[in-house]
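**Q** The lines below spell out each chain.
Number of protein chains: 4
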Amino acid sequence: MTSFESDYNNGAHPDILRHFLETNDQQSASYGYDQWSESARTKIREATQCPDANIFFLAGGTQANATVIDAMTASYEGVLAVTTAHINVHESGAVEAFGHKVITLPSHDGKMDATELHDYLKAYHADPTWEHIVYPGMVYITFPTELGTVYKAAEIEQIHAICQEYKIPFFIDGARLGYGLMSAECDFDLPWLAHHCDVFYIGGTKVGALCGEAVVFPRGNAPRQFFTIVKRHGALLAKSRVAGVQFDALFTEGLYLRIAQHAIDKAMQLRQLFTDAGLTLRDSSTNQQFVELANTQMKQLASQVLFETWEPIDNDHTLCRFVTSWATTDQNIAELAQALQTL
Amino acid sequence: MTSFESDYNNGAHPDILRHFLETNDQQSASYGYDQWSESARTKIREATQCPDANIFFLAGGTQANATVIDAMTASYEGVLAVTTAHINVHESGAVEAFGHKVITLPSHDGKMDATELHDYLKAYHADPTWEHIVYPGMVYITFPTELGTVYKAAEIEQIHAICQEYKIPFFIDGARLGYGLMSAECDFDLPWLAHHCDVFYIGGTKVGALCGEAVVFPRGNAPRQFFTIVKRHGALLAKSRVAGVQFDALFTEGLYLRIAQHAIDKAMQLRQLFTDAGLTLRDSSTNQQFVELANTQMKQLASQVLFETWEPIDNDHTLCRFVTSWATTDQNIAELAQALQTL
Amino acid sequence: MTSFESDYNNGAHPDILRHFLETNDQQSASYGYDQWSESARTKIREATQCPDANIFFLAGGTQANATVIDAMTASYEGVLAVTTAHINVHESGAVEAFGHKVITLPSHDGKMDATELHDYLKAYHADPTWEHIVYPGMVYITFPTELGTVYKAAEIEQIHAICQEYKIPFFIDGARLGYGLMSAECDFDLPWLAHHCDVFYIGGTKVGALCGEAVVFPRGNAPRQFFTIVKRHGALLAKSRVAGVQFDALFTEGLYLRIAQHAIDKAMQLRQLFTDAGLTLRDSSTNQQFVELANTQMKQLASQVLFETWEPIDNDHTLCRFVTSWATTDQNIAELAQALQTL
Amino acid sequence: MTSFESDYNNGAHPDILRHFLETNDQQSASYGYDQWSESARTKIREATQCPDANIFFLAGGTQANATVIDAMTASYEGVLAVTTAHINVHESGAVEAFGHKVITLPSHDGKMDATELHDYLKAYHADPTWEHIVYPGMVYITFPTELGTVYKAAEIEQIHAICQEYKIPFFIDGARLGYGLMSAECDFDLPWLAHHCDVFYIGGTKVGALCGEAVVFPRGNAPRQFFTIVKRHGALLAKSRVAGVQFDALFTEGLYLRIAQHAIDKAMQLRQLFTDAGLTLRDSSTNQQFVELANTQMKQLASQVLFETWEPIDNDHTLCRFVTSWATTDQNIAELAQALQTL
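Protein chains in written order, with our numbering: chain A, 1365 to 1707; chain B, 1365 to 1707; chain C, 1365 to 1707; chain D, 1365 to 1707.
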């Protein structure tokens, strides 16, 4: 049965597998010093127009978040994020495991409001008795958000400026970065993003790789001993080629963004199908689509295609998530179209 | 230049790559619920003769160690290990990062002495004032050890019995498990090992895989919410097929042990070469060989093959490590033989 | 200038100082084994009607909270509390420092709603995908709350029953316990409270002592090695008499509750004064009174007595806190009365 | 029965109790901002000749150690200490609880050898592969040591210089600082010590106070947000007068050093008694004396005075500890003399 459950329920993009095959017989250094990791770094420095970037490849998103946050904050500092942020909800407390509180701000369709951020920081620093409260030492956002929405350049600029004003790092979780950049609503590109934050990562797992996230410190600003920190987090890959080879492929001839574009195209076809079927969709210009279904419709549809229930809307309706990827085919779309006709 | 630096400087065994290719087009569940992880679990349950085993696939050894130790101890408990243990030396404090002290006992060629272990536990529980001292809540050994040595069945039985007497779990780090089991000195097999500890892992990264360690709770004794614990450690793979496919291949037709046997065979050829060259070797029946070289010899040899310097012996001599793997060829051996003739 | 800033801005109740004087020349065991700690335990067991209670004396509230929560949860578990809870706001992340997330529920005048708690736990356990979310392993409330409100017996019974249903411990932070018990609105007593939770503490610092909180496990249910846990938290007093002597005095002839009653009486006089002055008060039957003041009034008043600004209401009004204690005198009240006449 | 078990088995020095009495009726600020803490700071700045010192009062030694080490290291850094160090043995893992490994060097009668320290740091920084090993980010010693020995000025100077060379902080645990300074073997004074480290604390609990340690950052070099860090460690005293009043008394008219001198004098009388009785003593010029007793002697003596068994020497002999304090009287000494005559 066709699955739209997630963008990590399929294998690797064929170009990645091919690169594994063609490099398998070569010996290499390990722990990030292999030739493909080095090649991938060079390509990412070009793609981000950050010639001095420090780049590290980690296996997964939660570990990238926990490692980066822990590395760039003092032990007593917390990280500001919206209530719906992945680190606040779906990471089993990986950030708190290293002693850092997630300090929450309201979520606006998954996004942080710059004014609310500024108000919080202003209040913290205005009142000396707030020294009893966790020090806000970092700002974390996801791009695109968990709800498929994207920030505008102006919004990111504002948050970035506030972070600079308060001298705290600004971290962009790009687990699905490609889909945000290829969104029709996105008014900036990868180099622009890299120049408007202190650290971000380029998500591989959800954008065509088997695993792997490329953590980028755009101005060569990796924290001292970051290698040791990665190891301490259990996040250092011995055969680092497993990530290096994949990112080397993803950043060859624009594969990363082509994968994302393909998924977006398919997601827009999904939107059209749902709209044609008279269903209500939440705003999303990325590869995750959130559809309101009556529970009877949901049940009927679930017998024909796989998707994820997101959250109850009321007793009779549920918000459901449909996700596309590099692997989504016209055939998959056709199957969904057919299934929708039975509602 | 041929490298004997490590068993993680080569790619994946070809059977593993082949399995990636043949499964890539199939959709699957994620987070460990994919069909290959399930198939690999079934095969590992058979290979260990543990029909009730709980099995989880993690990406790497340090993260497996930190996750297992943290999961099976109370927050205030420490883990007993010898001074040379990987967790005590080479994991950047990953165990301490989760609050657990590594309590050290002497290392005897990498091995823990059961009597010394018993004495420590007896002393701890005899004296009420030791309540100021970290509670010894787990025992950790590596098999084979970091120095290539192997425990005898009787030694493991003793340690296991002591752990049962004090009701603390016994954990065997099997990052190189295959090489220990295939050692000519090993007097037990995988099922026996699985029945003489509380948790162990089957190392993949150093035995033919690109990444992946299979954590086995042999009697279905995984700690409650272990899934959540793994996620909290940043160790949960979204596309869990990346490990599942590999272990499915490794446990098909005995590939795992065949890989290990091949590396052992090549290591024994290395020993012969070194012995023939009049060099002194430390005892090791596994795939890691430790050779004493005069520093002039070391320099000369290093210009022709790659290997690792382990530790200084005195001002003029160094202990050096040579490691074999699935990928070591007759040609590699011949190159070393030739290099040795130049000494 | 008279201060109503807090209940910890005065010295110790004279009976406590007297007890220090009369015991000072006696030698004693340390680390909680001294004779006054033992005597205080006996008296608290009587006062709580918990003959099997385990009782430990710690120096302060934040350390009591962090130690108890850490001791009674597994490392991966979080603690449920309302957003205004002391552990969520004013403890600088002491709970997260030990790896535990504070999972927040809405605050209703400082109180947790039993139905909302039940809904959360039901949702967590109903949906298997919540295994990515921090496991809710404990419930924490404050009695009285940070806002001076008190739970009714029925409310506590409901929360207790839910905790038992989900087999998670129920912890009552009693930093100001006496003031809650002596509140005119309180419909239960100390033994009843002790029988409707799994652990609580009797706050000394804010109820007449110089320092010290008595952590009570009512049914002899202290976690294994709790002594070691306390030490690991840096919370073990070497000269434990410093707490033992104080609690021995506080639980002699009902001093603890007499102190609380005195403060409540004075707080009710404050309420009357504020009401007579036409000011609006928040509901509070305990020793903390929250008054709405126009900012001009606030400034005028602040020139004559000390109090705390709590939070802004709007641009022109501020909520202010006035607190009484064992040390509040008729003279203090008279000074406030006079000051109010100048508004 | 007279007890020589420890220097924390007696009450407070009478001058301290007197100061509690004379200040009890005064209201004060809290959390370290009270007038007596401020007065004590002024006096300590004078006594240390450190006019810019930052000074914080914590309740106990373990919490002072854990807080200072955590505050002055990055999360991934460990602390170098000798194997017998209090933080390595008797603090239940309080340092590891905050994620920091205690990296051990050999103990020479409780002392660290500067050359061994230098060798370790040189080795760490010489070999790039040590990035897998915990970064040595701080040096910790105790003065006097747990075994009653004292460092010479030259030894401390060497360690200090090494710390400066490697740019890591040097921390002196002064839980028994007074006894070290008053030792006949000590060739420096308090100001000299304060100028040869980056942070130290003046132990109160074991030198006449009921509780309290004064953490001193001699050059105003307290870490940013240290107040918040203290609170996060549960180490912030609400009624900070409890420590402030005590240190104000201790640093009035040299009481602190007078207390120490008295204890040393009594300890030297103990030495004489033991020597006269033909017993063997370990070297110690401070208030802790370690005596070798045959087990039959130990038993006989234990029926007449209290002391601590330290560690077994062999099957028939035990090392025992006798400790003096401000409270040790001529009468106590006489009782011991009498008891020794029965051996």
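Keep in mind that the hints are not guaranteed to be accurate.
EDC-like cross-link-like pairs, simulated, lysine to aspartate or glutamate; straight-line CA separation at most 16 Å [what the hints assert, rightly or not]:
id	chain 1	residue 1	chain 2	residue 2
1	C	K1663	C	D1647
2	D	K1516	D	D1483
3	B	K1516	B	D1551
4	B	K1516	B	D1473
5	B	K1516	B	E1549
6	B	K1486	D	D1491
7	A	K1486	C	D1562
8	C	K1486	A	E1675
9	C	K1531	C	D1562
10	D	K1486	B	E1549
Listed next, with one range per pair, are the computed distances between beta-carbon atoms [as the list claims (entries may be wrong)]:
id	chain 1	residue 1	chain 2	residue 2	range
11	B	E1529	C	D1551	21 to 27 Å
12	C	P1676	A	D1477	15 to 21 Å
13	A	L1385	D	Y1484	54 to 60 Å
14	B	D1491	D	E1521	34 to 40 Å
Going by beta-carbon spacing under 10 Å, a handful of chain C positions derived as facing chain B [said to hold, decoys possible]:
id	residue
15	S1403
16	E1495
17	H1496
18	V1498
19	Y1499
20	D1553
21	W1556
22	N1585
23	A1586
24	P1587
25	Q1589
26	I1593
No wet-lab data here; the hints were simulated from the structure.
Here the structure is a predicted model, which is why all the values come from computation and not from measurement.
The C-beta atom is built at its ideal place from N, Cα and C for all residues, glycine as well.
**Q** Give a verdict on every hint.
**A** Evaluation of the provided hints:
| no. | hint | result |
| --- | --- | --- |
| 1 | C/K1663 x C/D1647 | violated, 23 Å |
| 2 | D/K1516 x D/D1483 | violated, 20 Å |
| 3 | B/K1516 x B/D1551 | holds, 6 Å |
| 4 | B/K1516 x B/D1473 | holds, 13 Å |
| 5 | B/K1516 x B/E1549 | holds, 8 Å |
| 6 | B/K1486 x D/D1491 | violated, 39 Å |
| 7 | A/K1486 x C/D1562 | violated, 40 Å |
| 8 | C/K1486 x A/E1675 | holds, 15 Å |
| 9 | C/K1531 x C/D1562 | holds, 11 Å |
| 10 | D/K1486 x B/E1549 | violated, 39 Å |
| 11 | B/E1529 x C/D1551: 21 to 27 Å | violated, 52 Å |
| 12 | C/P1676 x A/D1477: 15 to 21 Å | holds, 19 Å |
| 13 | A/L1385 x D/Y1484: 54 to 60 Å | violated, 46 Å |
| 14 | B/D1491 x D/E1521: 34 to 40 Å | holds, 38 Å |
| 15 | S1403 | violated, 21 Å |
| 16 | E1495 | holds, 5 Å |
| 17 | H1496 | holds, 6 Å |
| 18 | V1498 | holds, 8 Å |
| 19 | Y1499 | holds, 5 Å |
| 20 | D1553 | violated, 34 Å |
| 21 | W1556 | violated, 32 Å |
| 22 | N1585 | violated, 15 Å |
| 23 | A1586 | violated, 13 Å |
| 24 | P1587 | holds, 8 Å |
| 25 | Q1589 | holds, 5 Å |
| 26 | I1593 | holds, 5 Å |
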